[in-house]
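Novice: Each chain, written out:
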Amino acid sequence: MKLIKQTGIIVFLIGLSIFTASIFTGSFSLTQSELDTFIQEKGYKSEVIKVELTKAIVTEEYLNIFEFSSNVRNAFEASNKHYDALIAKYSAEKNWSEKGEQYQYKISGKPHSLSFTLAKKAGKGFATENTGLLWFLTFGFGIIGALMYIVPDVILLGKPGIKNNGIFLNAATNRGWIGWFAFLFLVSFYILLYFYPDFIVNWVYLVDPISISISGNPASQWFLYGFLYCTVMTVMAMRMYIKYRHNKYQILRTTSVLFFQIVFAFLIPEILVRFEKPWYDFKNAFPLDYDFFFKWNLEELLSSGGFGLFILVWGIVLTVVVVPVMVYFFGKRWYCSWVCGCGGLAETLGDPYRQLSSKTLLSWRFERIIIHAVLIFVLVMTGFALYTFFYGADQVLGIKIQTIQDIYGFLIGSIFAGVIGTGFYPIFGNRVWCRFGCPLAAYLGFVQRFKSRFRITTNGGQCISCGNCSTYCEQGIDVRAYAQKGENIVRSSCVGCGICSAVCPRGVLKLENGPEDGRINPTEILLGNNVDLMDLINKK
Amino acid sequence: MEHIVIIGNGISGVTAARHIRKNSDKEITIVSAETDYFFSRTALMYVYMGHLKFEHTQPYESWFWKKNRINLKKGYVSKVNSSSNEIEFSDGEKLGYDKLIIATGSKPNKFGWPGEDLNGVMGMYHKQDLEKLEKYAPDNKRCKRAVIVGGGLIGIELVEMLHSRNIPVTFLVREQSFWNGVLPKGESEMINREIISNHIDLRLGVTLKEIKSDAVGNVKSIVIAETGEEIECTVVGLTAGVSPNVDFLKNSELEIGSGVKVNRFLETNLTHIYAIGDCAEQHEAIGSRRPIEAVWYTGRMMGETVAQTICGNKIEYKPGHWFNSAKFIDIEYQTYGWVWAQTRENEARFYWEHIDGTKCIHLNYDKNTREFIGINNFGIRMRHEFFDRILNEKRTVDYVLEHLADANFDPEFYKLHEQEIVAKFNSENGTNIQLKKKSWKRIFSKSL
Chain A
1 MKLIKQTGII VFLIGLSIFT ASIFTGSFSL TQSELDTFIQ EKGYKSEVIK VELTKAIVTE
61 EYLNIFEFSS NVRNAFEASN KHYDALIAKY SAEKNWSEKG EQYQYKISGK PHSLSFTLAK
121 KAGKGFATEN TGLLWFLTFG FGIIGALMYI VPDVILLGKP GIKNNGIFLN AATNRGWIGW
181 FAFLFLVSFY ILLYFYPDFI VNWVYLVDPI SISISGNPAS QWFLYGFLYC TVMTVMAMRM
241 YIKYRHNKYQ ILRTTSVLFF QIVFAFLIPE ILVRFEKPWY DFKNAFPLDY DFFFKWNLEE
301 LLSSGGFGLF ILVWGIVLTV VVVPVMVYFF GKRWYCSWVC GCGGLAETLG DPYRQLSSKT
361 LLSWRFERII IHAVLIFVLV MTGFALYTFF YGADQVLGIK IQTIQDIYGF LIGSIFAGVI
421 GTGFYPIFGN RVWCRFGCPL AAYLGFVQRF KSRFRITTNG GQCISCGNCS TYCEQGIDVR
481 AYAQKGENIV RSSCVGCGIC SAVCPRGVLK LENGPEDGRI NPTEILLGNN VDLMDLINKK
Chain B
1001 MEHIVIIGNG ISGVTAARHI RKNSDKEITI VSAETDYFFS RTALMYVYMG HLKFEHTQPY
1061 ESWFWKKNRI NLKKGYVSKV NSSSNEIEFS DGEKLGYDKL IIATGSKPNK FGWPGEDLNG
1121 VMGMYHKQDL EKLEKYAPDN KRCKRAVIVG GGLIGIELVE MLHSRNIPVT FLVREQSFWN
1181 GVLPKGESEM INREIISNHI DLRLGVTLKE IKSDAVGNVK SIVIAETGEE IECTVVGLTA
1241 GVSPNVDFLK NSELEIGSGV KVNRFLETNL THIYAIGDCA EQHEAIGSRR PIEAVWYTGR
1301 MMGETVAQTI CGNKIEYKPG HWFNSAKFID IEYQTYGWVW AQTRENEARF YWEHIDGTKC
1361 IHLNYDKNTR EFIGINNFGI RMRHEFFDRI LNEKRTVDYV LEHLADANFD PEFYKLHEQE
1421 IVAKFNSENG TNIQLKKKSW KRIFSKSL
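Order-wise, the sequence lines are chains A and B. If you read the first sequence in this note's numbering, its first letter stands for residue 1, the second for the next number, and so on. If you read the second sequence in this note's numbering, its first letter stands for residue 1001, the second for the next number, and so on.
Just chain B, with the same shape it has in the complex:
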């Protein structure tokens, strides 16, 4: 029986393992240096906030692994010996494989700031980061202020976490407006407002110069590069992006760029070795996606795909239409298709914001063909299947607006805004789109 070894017990590695087991009787071992069991990294924040206990973040009960004959091994892999088909652990132990899947995820970026290794400095990625945060910022007595460096999805989540324990937070964002590399102006400004209205000390357009230490190696303060301002704090969260966690592979025969280089079949340059998830880098980016996709969903999709290949059904990693979601304190965000921060040459845009300033939608469409390209929706839940179908069928933005009532995924009895949205589009564009009443038949016809 072939032995498949998977390094990494995150969503990518575990999805691969599950699907391999569903389709074969191969021996499977998942290796992890972080935890005994797979847990959902996206849920770590809720453990600190008291919404969940750590056990709740584990999608499978502990009997699941034995029942499905998936071996779990705790250990840090220090070397991959492709010539002898072995991985080597930091304690010298070796484990042989027939096929190897590298699914080691990401690590938080550190850019060589002075003081970046002091006590009280951490990323927000590993379970161990959560433990550190609990140690250095258990409440606002022991942590009078925390500074978060890096305005992205992890940064805003760390802000929300600290805020839940009433710890004052200073948020250093390099950009002039929050996450404006990804979010267009209207949405980005909405998030700025959301952050400020929660009494977070938001600093736009600044970067970190250094982290200062007290007498015993703990964080004392940080210094802002642009102004020289020194801010006292006891915790510094480094959330300035992530990079593939592949340092341990530098001395192997694997081709490494920023991540492990893979082709469309998720194969590396070495036979029998694959890489998936955050740590994998496509030679050529797929469509409009980035070569490295550090996203929960794509990790899962790569796991699903590589399992097929390993079980004899060799198929390409071919992700469908782009989608993503996040939450910015109390504002939920979903996106389907592409909505670039800057309008492109062939694009026309439509932006609607609710009068309370916490809900909006942003439509992106081709200005000539009127083909729908993408939507950002904040504060209003939308149906994934609806937009996937729209993109498959290459529908126009007019069609989308006409059927907007079908797209709504908010709970029952919520106030609906489609009329207002369509009216604004009509008035801005001189169109006369009539909003169609929601139709269960149309909505569910795809699932048949």
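Only chain A is shown next, with the shape it has when bound in the complex:
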């Protein structure tokens, strides 16, 4: 058994290495006619871009992705600079009509995204010619190796029960060197994905056949991300099933997040695209889905017939009706631990790291400020966006709405939710985004704290203050503080993962939905003592 595990690690690492190394393979170039077709399809009006791009990438030379990218970005920059110079010239001459004429020649878009689009067409080499084989050597080895490492635990971990032996003694789960490596790898992955997609175009080739079979289109870097997300969640869900096989709640919850991720966040949207409908994840609720009310999205939905309208209405109903009603009955756990994709990855890939969340009072103070600040940010931004949409403006109070959207998208959508949110798992725990950033979590939390039937009941006087509950709470809630006072846990940050209840060695905690009355029950003297004393102190 141990041998299978060790071999599994090696196989996994081989897969991961090949995956990483594949970035550096292949060559990128276009023929003149391919380039001409591309420019025509894109409708670039610039008279300069064709010359620049031809110089850049129509070549017999072997350009690797970095060289290709650099050339392409320089080409676009040169083209835009040319017209910027003309704009400046006409501006100085106060020739406003000529100046206005120049803007149509400028090409917008992030340089690395422009480069990605071209690179996707220009790739040659192992990744494009042996996609299936390379998929097997990367994804295949990764999956098989990981499973070889995970599955033997069914036997090695012994009988069903709490399985946390050695977590704080292991370099992978204790902020040791393995954790730091994982941290670096994850952060790098997200930075590449969001900001340098062209560098990882070889990875995107690997999932082209899968994308084509579902939506009919070749893959983008987002499809790669979605596929990788589903794969990682599935493999780590196997680990969850084995580790928590004594706990039905964990098994069902893991299955639920897996289902919602694969079906709602991956398959359905791609199939919608196949039917020429907008790409849409039905479970992604505003304000987590922060661009739902952006102009480009509203326009797309309103021009997609009845179905587009349906999505628009559903999106609003989801946030305004479904969310609070479900939180009333079940607590915010229905979304955060059973449906949400961020939560799904946190509960599977992030499970080995949940004990790393900070439990200090200081963290809670910081959490309260920052998560509500993000909520205010997104609500104000959305308000502005709707204003500009209805009134045909492009700025509010002198600030361009596009700028606000860009800042939010960059800071919150990419850095906070992505790079920090997942990248920080191995060092700061698995719910950094959920706890400190997610505006939907803040909204769900309000409802849970003030108008919900959900609570974690503490079992009378049975708590022995061991601290397992607080340690394994991914949201950094001091669960023990409540349990050792016999008080129910009703906290806006509680995502109802149920792990505190699972790791409690004395059966003190139970997640339940019950009558609102008496849900919050400050208690000073615990059950088991003098009943008169309890009456005296607790009723005070």
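Derived by calculation from the structure, the hints in this document are not laboratory data. Where a beta carbon is used, it is the ideal one built from N, C-alpha and C, also for glycine. One or more hints might be untrue.
As the list claims (entries may be wrong) - Straight line, CA to CA, 25 angstroms or less: simulated DSS-like cross-link-like pairs of lysine-lysine:
{"no.": "1", "chain 1": "B", "residue 1": "1318", "chain 2": "A", "residue 2": "539"}
{"no.": "2", "chain 1": "B", "residue 1": "1026", "chain 2": "A", "residue 2": "485"}
{"no.": "3", "chain 1": "A", "residue 1": "539", "chain 2": "B", "residue 2": "1441"}
{"no.": "4", "chain 1": "A", "residue 1": "248", "chain 2": "B", "residue 2": "1022"}
{"no.": "5", "chain 1": "B", "residue 1": "1110", "chain 2": "B", "residue 2": "1094"}
{"no.": "6", "chain 1": "A", "residue 1": "248", "chain 2": "B", "residue 2": "1437"}
{"no.": "7", "chain 1": "A", "residue 1": "159", "chain 2": "B", "residue 2": "1185"}
{"no.": "8", "chain 1": "A", "residue 1": "451", "chain 2": "B", "residue 2": "1067"}
{"no.": "9", "chain 1": "A", "residue 1": "485", "chain 2": "B", "residue 2": "1359"}
{"no.": "10", "chain 1": "B", "residue 1": "1436", "chain 2": "B", "residue 2": "1394"}
{"no.": "11", "chain 1": "A", "residue 1": "485", "chain 2": "B", "residue 2": "1314"}
{"no.": "12", "chain 1": "A", "residue 1": "94", "chain 2": "A", "residue 2": "81"}
{"no.": "13", "chain 1": "B", "residue 1": "1415", "chain 2": "A", "residue 2": "159"}
{"no.": "14", "chain 1": "B", "residue 1": "1022", "chain 2": "B", "residue 2": "1053"}
{"no.": "15", "chain 1": "B", "residue 1": "1067", "chain 2": "A", "residue 2": "485"}
{"no.": "16", "chain 1": "B", "residue 1": "1438", "chain 2": "B", "residue 2": "1394"}
{"no.": "17", "chain 1": "B", "residue 1": "1022", "chain 2": "A", "residue 2": "539"}
Stated by the list, open to error - Estimated spans, in silico, between C-beta atoms of each pair:
{"no.": "18", "chain 1": "A", "residue 1": "518", "chain 2": "B", "residue 2": "1318", "range": "45 to 55 angstroms"}
{"no.": "19", "chain 1": "B", "residue 1": "1092", "chain 2": "A", "residue 2": "185", "range": "27 to 37 angstroms"}
{"no.": "20", "chain 1": "A", "residue 1": "185", "chain 2": "B", "residue 2": "1318", "range": "51 to 61 angstroms"}
{"no.": "21", "chain 1": "A", "residue 1": "536", "chain 2": "B", "residue 2": "1066", "range": "24 to 34 angstroms"}
{"no.": "22", "chain 1": "B", "residue 1": "1412", "chain 2": "A", "residue 2": "279", "range": "31 to 41 angstroms"}
{"no.": "23", "chain 1": "B", "residue 1": "1027", "chain 2": "A", "residue 2": "536", "range": "23 to 33 angstroms"}
{"no.": "24", "chain 1": "B", "residue 1": "1343", "chain 2": "A", "residue 2": "171", "range": "45 to 55 angstroms"}
{"no.": "25", "chain 1": "B", "residue 1": "1205", "chain 2": "A", "residue 2": "365", "range": "52 to 62 angstroms"}
{"no.": "26", "chain 1": "B", "residue 1": "1318", "chain 2": "A", "residue 2": "516", "range": "50 to 60 angstroms"}
{"no.": "27", "chain 1": "B", "residue 1": "1412", "chain 2": "A", "residue 2": "159", "range": "18 to 28 angstroms"}
{"no.": "28", "chain 1": "B", "residue 1": "1445", "chain 2": "A", "residue 2": "536", "range": "15 to 25 angstroms"}
{"no.": "29", "chain 1": "A", "residue 1": "516", "chain 2": "B", "residue 2": "1064", "range": "27 to 37 angstroms"}
{"no.": "30", "chain 1": "B", "residue 1": "1117", "chain 2": "A", "residue 2": "159", "range": "31 to 41 angstroms"}
Go by the hints and put chain B onto chain A.
Specialist: Okay, now just chain B, sitting in the frame of chain A:
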């Protein structure tokens, strides 16, 4: 301002301190020779097992004490001078008090076995024991085998700890079946099976004769008294019970039995001195409880109670209905009310065990009045409030079974066994109890 000094920073002393602070502005000093801050002793095992770091066992962050104006003093109290209202430390320092609470807890029993002070022999009580264990049994290379002497709650926890690092363990249990002084036959045998199925070398009905040393004072082996068998080992865990930690009070004016003698108000024979927790001994046991209660919960309750008395609301220590819990490797145990190991004259019993042999419940009730006396439940979590109410209202065993669905405290979606349990009771007793569907209204009505 009155100065309250508390010797001992465990659950008893700290609970007393917290409640005194909640109810007054008195000056409070907690003294400890063991650690700087209060930690949960029950969690020590999880530190060794890697589930927790030591800091995680501390219920309060370090700013808590200053914020609540509770002074912490590290030092070993060697003497209590009641005539001058002072305690004296081993380094000669003295500290005056207006009222003194002794909360020094227990110490592991040593019965004078040869070799009981060798390197590698330890109890499992203090933080220092944890450090010793880490030193002598860090893995199964440096510790090829450990022997645990004493089959009780601490013993089984030490077994689980060593097992978590794959260190082979021999478990010497004096009784013929594990903990059968407390557990009835069915439950005791279940635990025997649990221990054995985890590949622990369980030896029932044997005691320790001596611990043998190697050339440099380390443990080399132990000898079993009944058979003379010698077992090689490098670590010996002494878990044959605990006794009150009161040796330092032998030369004081305090009345000492096994522990510090106290009355119902937790007062000792000397005015202004109280004793609570493991180290306190009631002159007369309360109800069916023992005179010395070395249990986490009762220590906490005594702390809650003595704080009231000290703050002017003099009340008796009057524990409510008995409850306790433990964990035997992977089997959780809870008990509410009394379930004696031997059936008493007025009692009738009902025992149900799940077919997989790791879950059971055992009901104890009066055979004439059918009044519910107690329950043991293994592998199924039960609601404390439910059974407390049952005992308060003196309900019958039939009522309990009828409402068994309300009692369940397992996580959602767990398989429920009430139907099976009630069916078995009915078939054994010729009754026709109908299991009522779980009712939130009934469950939560007590908390209103």
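Novice: Each hint should be assessed against the structure and marked as holding or not.
Specialist: Structure-based check of each hint:
Taking the CA atoms of residue 1318 of chain B and residue 539 of chain A, the gap is about 18 angstroms. The hint holds against a cut of 25 angstroms. Restraint check for residue 1026 of chain B and residue 485 of chain A: satisfied, since their Cα atoms lie roughly 23 angstroms apart, inside the 25 angstroms limit. Only pairs whose Cα atoms come within 25 angstroms are accepted, and residue 539 of chain A paired with residue 1441 of chain B is accepted, the gap being roughly 21 angstroms. Taking the CA atoms of residue 248 of chain A and residue 1022 of chain B, the gap is about 41 angstroms. The hint is violated against a cut of 25 angstroms.
As the CA atoms of residue 1110 of chain B and residue 1094 of chain B are separated by approximately 31 angstroms, the hinted pair breaks the 25 angstroms bound. Restraint check: the Cα-Cα separation between residue 248 of chain A and residue 1437 of chain B comes to about 21 angstroms, which is no more than 25 angstroms; the hinted pair holds. About 23 angstroms separates the Cα atoms of residue 159 of chain A and residue 1185 of chain B, which keeps this hinted pair within 25 angstroms; it holds. Between residue 451 of chain A and residue 1067 of chain B, the direct Cα distance comes to roughly 33 angstroms. Violation of the 25 angstroms bound is thereby established for this hinted pair.
Distance restraint check for residue 485 of chain A and residue 1359 of chain B: the Cα-Cα separation of roughly 28 angstroms exceeds the 25 angstroms cut-off, and the hinted pair is therefore not satisfied. A hinted pair counts as satisfied when its Cα atoms are at most 25 angstroms apart, and residue 1436 of chain B with residue 1394 of chain B qualifies at roughly 19 angstroms. For the suggested pair residue 485 of chain A and residue 1314 of chain B, the alpha carbons sit about 22 angstroms apart, so the restraint of at most 25 angstroms is met. Between residue 94 of chain A and residue 81 of chain A, the direct Cα distance comes to roughly 19 angstroms. Compliance with the 25 angstroms bound is thereby established for this hinted pair.
Between residue 1415 of chain B and residue 159 of chain A the CA atoms are separated by roughly 18 angstroms; this keeps the pair inside 25 angstroms, and the hint holds. The hinted pair formed by residue 1022 of chain B and residue 1053 of chain B fails the criterion: a straight-line CA distance of about 30 angstroms is larger than 25 angstroms. Under the criterion of a C-alpha separation no larger than 25 angstroms, the hint pairing residue 1067 of chain B with residue 485 of chain A is consistent with the structure, at around 19 angstroms. With a C-alpha separation of about 21 angstroms, the suggested pairing of residue 1438 of chain B with residue 1394 of chain B holds against the 25 angstroms cut-off.
Pair hint residue 1022 of chain B plus residue 539 of chain A holds up; C-alpha atoms about 15 angstroms apart against a cutoff of 25 angstroms. Taken as a hint, the range 45 to 55 angstroms is violated for the pair residue 518 of chain A and residue 1318 of chain B, whose Cβ atoms sit roughly 25 angstroms apart. Remark: the range hint 27 to 37 angstroms for residue 1092 of chain B to residue 185 of chain A is contradicted by a beta-carbon distance near 58 angstroms. Distance hint check: the CB atoms of residue 185 of chain A and residue 1318 of chain B are about 60 angstroms apart, consistent with the given range 51 to 61 angstroms.
As the Cβ distance of residue 536 of chain A to residue 1066 of chain B is approximately 29 angstroms, the hint placing it in 24 to 34 angstroms holds. Range check, residue 1412 of chain B to residue 279 of chain A: Cβ separation about 35 angstroms, and the 31 to 41 angstroms hint holds. Residue 1027 of chain B and residue 536 of chain A have their C-beta atoms about 25 angstroms apart, which keeps the hinted 23 to 33 angstroms range intact. A hinted range of 45 to 55 angstroms holds for the C-beta pair residue 1343 of chain B and residue 171 of chain A, which are about 53 angstroms apart.
Separated by about 58 angstroms at the C-beta atoms, residue 1205 of chain B and residue 365 of chain A satisfy the suggested range of 52 to 62 angstroms. The beta-carbon spacing between residue 1318 of chain B and residue 516 of chain A, approximately 33 angstroms, falls outside the hinted interval of 50 to 60 angstroms. For the pair residue 1412 of chain B and residue 159 of chain A, the supplied restraint of 18 to 28 angstroms holds, since their beta-carbon distance comes to about 22 angstroms. One distance hint, 15 to 25 angstroms for the beta-carbon pair residue 1445 of chain B and residue 536 of chain A, holds here, with the actual separation near 21 angstroms.
The hinted window of 27 to 37 angstroms between residue 516 of chain A and residue 1064 of chain B holds, with their beta carbons roughly 32 angstroms apart. Here the CB-CB span from residue 1117 of chain B to residue 159 of chain A is close to 37 angstroms, well matched to the stated 31 to 41 angstroms.
Against the hints set out earlier in the document, violations occur for numbers 4, 5, 8, 9, 14, 18, 19, 26.
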